[in-house]
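> Sequence:
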Amino acid sequence: MFCSNGVFLLVGVVAGILVDSHANLFKIHTNKTIESFLNRHKRDIDDDYDGKTVYYCGNNEFSHAEGTSGKWEKKNITYFIESFGTSMSEEEVRKGIQNAFAHWADTVDLTFTEVNESTADIVLGFKHREHGDNFPFESIYSTKKFEIAHCTGNMPCTTIHFNDELQWEYVEWESAMKKGKWLDPGYLDFLTVAMHQIGHALGLGHVGDDRTRHAHADEESVNIMDKIYTRPAGKTDVYAWPRLRTGDAKGIKSLYQKVEDFEEMKQDCQGYWKKHEYATYNNLTGKYIVLQKGAENLVAAQDYCQKIGGFLVSIHSEEENKFITDFIRSKFSAGRYAYIGLVRANSSWIWEDGTVLTYQNWNPTEPNNVGGFENSVELVATEEHGGWNDIPNDRAKTAVCQVQCPLEVKKESNRFLANLLASLTLLHFLGLLFVISLILNVILVYILIRMRNSNKNRFSRLDNQKLLHA
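Heads up: the sequence shown runs through residues -23 to -1, 1 to 447, numbered per mature numbering (1 follows the signal peptide of the UniProt record, and there is no 0).
One thing to keep in mind: the hints can contain errors.
BS3-like, lysine-lysine: derived pairs with alpha carbons at most 25 Å apart [to be verified]: (1) K284 - K264; (2) K251 - K308; (3) K48 - K243; (4) K51 - K72; (5) K52 - K72; (6) K230 - K48; (7) K252 - K235; (8) K252 - K230; (9) K51 - K230; (10) K122 - K48; (11) K251 - K264; (12) K252 - K284; (13) K51 - K235; (14) K264 - K308; (15) K122 - K235; (16) K52 - K264; (17) K235 - K284; (18) K299 - K252; (19) K235 - K264; (20) K308 - K52; (21) K264 - K51; (22) K52 - K252; (23) K299 - K243; (24) K252 - K72; (25) K122 - K72; (26) K52 - K299.
Simulated from the structure, these hints should not be mistaken for lab results.
Please build the complete structure, drawing on both the sequences and the hints.
In structure tokens:
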């Protein structure tokens, strides 16, 4: 992954998220640098790494063409792969780029389609040293600071070049899990770099401007949009699949955030969610399951669910867990790590909607509370069983909300009252029948008694003896 590093004059500290009116790349940073347009690809990397090899992105803040907004104004974006390089097969390059786009598509409301036309919105390819765009890659034999890729052009940049003189590898999930095929030493992770460059093509600049980030970086502390490439591996050097982090999610959502129509939602809750692309009705619970793309952290996930009138989902059976897992898998190819409503409170796990914890689906060795601060839970939908992990609260993930529309509640109440009324009516009818039956029986007994009394002297024996009455 990347972390930014500047050597130009610091002119102040800018807190939060900025969109520079003179830059076509959205930037989250703490230091604003001064540099010329001609030097935008040539900012040096400091020699603060004790002679270690450094891999970095060639992009810096752009001056955009007059009339452009610094982001795409359409939702459907096309891309074309013009060359495939020498390190990987065409299939690996194509899958890697497709997966890289999927991470961004699973975070904001954009779609990406590969086309076989050089006039596509975004063009990607592998280039060697001088390649005709006025930003040549330096020979790898003359430096230990390697520019691994860059993105050029307007709107905000439309042409992505990867340095073909370096060694690249795409680690595929299925191959790694089944065949043990991991990232080889000395190779650059293609997925990580492709995600980074696509971020530039969507309008993002680099996250952070802090030299010390890289020196202390690990898999969890860096963002995809950091300037310096960091090998995607944990402390044990096990490959860790690249995912967008909080800084990445905040940046891209600030450019392409879909705003829910809360007024329409309030007026027609059922109708709103029935037509929503990322909502489905769960007959098991009588609630709508709603997915939010790229929640920046647990608090953001909880806030979104509450704004739409619900909570992060609670799960109480294997059937419910499978329903949610299948829904996530049907919608996302990359964003399959999702917050659910289980949180740790005083060493116990509770559902935030107050329901009782009756079902759990932890992955092996979970929950393990690594570092002592894993107080929230993700459902991992990369596999069909949808296992759970405990995680820190600051991860960018999909949020799974549950919403019960007021009309659904009213309908259930009306159904209950109707059933109750029907039951009472039936009881009333049966009671009436009982009373009528009782009256008829009384009348019948009365008639029989009268008949016996009126006819008691009309009977005699054939032998003329007196008839005895019981």
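> Each hint: holds or not?
Structure-based check of each hint:
1. Between the alpha carbons of K284 and K264 the distance comes to roughly 16 Å, so the proposed pair stays at or under 25 Å and holds.
2. A threshold of 25 Å between alpha carbons decides the hint, and for K251 with K308 the separation of about 15 Å falls inside it, so the pair holds.
3. Proposed proximity of K48 and K243 is contradicted: the alpha carbons are some 31 Å apart, above 25 Å.
4. Note on K51 and K72: the hinted pairing holds, with a Cα-Cα distance of about 24 Å set against a maximum of 25 Å.
5. Proposed proximity of K52 and K72 is supported: the alpha carbons are some 22 Å apart, at most 25 Å.
6. Only pairs whose Cα atoms come within 25 Å are accepted, and K230 paired with K48 is accepted, the gap being roughly 12 Å.
7. For the given pair, K252 sits about 15 Å from K235 by alpha-carbon distance, which is consistent with the 25 Å threshold.
8. As the CA atoms of K252 and K230 are separated by approximately 22 Å, the hinted pair is consistent with the 25 Å bound.
9. Restraint check for K51 and K230: satisfied, since their Cα atoms lie roughly 15 Å apart, inside the 25 Å limit.
10. Of the pairs offered as hints, the one joining K122 and K48 is violated, with about 30 Å between alpha carbons and a cut-off of 25 Å exceeded.
11. As the CA atoms of K251 and K264 are separated by approximately 11 Å, the hinted pair is consistent with the 25 Å bound.
12. Restraint check for K252 and K284: satisfied, since their Cα atoms lie roughly 18 Å apart, inside the 25 Å limit.
13. Between K51 and K235 the alpha-carbon distance is near 13 Å, which keeps this suggested pair within the 25 Å criterion.
14. For a cut-off of 25 Å, the pair hint linking K264 to K308 stands: about 18 Å separates their Cα positions.
15. Restraint check for K122 and K235: the C-alpha separation of about 39 Å exceeds 25 Å, so the hint is violated.
16. Proximity of K52 to K264 is assessed by CA-CA distance (about 30 Å); at most 25 Å being required, the pair is judged violated.
17. For the proposed pair K235 and K284, the alpha carbon gap of about 14 Å is at most 25 Å, so the pair holds.
18. Only pairs whose Cα atoms come within 25 Å are accepted, and K299 paired with K252 is accepted, the gap being roughly 22 Å.
19. The suggested pairing of K235 with K264 holds, with an alpha-carbon distance near 23 Å, which does not exceed 25 Å.
20. About 17 Å separates the Cα atoms of K308 and K52, which keeps this hinted pair within 25 Å; it holds.
21. Taken as a hint, the K264 and K51 pair is broken in the structure, with Cα atoms around 33 Å apart against an allowance of 25 Å.
22. The hinted pair formed by K52 and K252 meets the criterion: a straight-line CA distance of about 18 Å does not exceed 25 Å.
23. For the hint pairing K299 with K243, the CA-to-CA distance comes to about 29 Å; that exceeds 25 Å, so the pair is violated.
24. Between K252 and K72 the CA atoms are separated by roughly 31 Å; this puts the pair beyond 25 Å, and the hint is violated.
25. With a CA separation close to 28 Å, the supplied pair K122 and K72 exceeds the 25 Å bound.
26. Between K52 and K299, the direct Cα distance comes to roughly 31 Å. Violation of the 25 Å bound is thereby established for this hinted pair.
Of the numbered hints listed earlier, those contradicted by the structure are 3, 10, 15, 16, 21, 23, 24, 25, 26.
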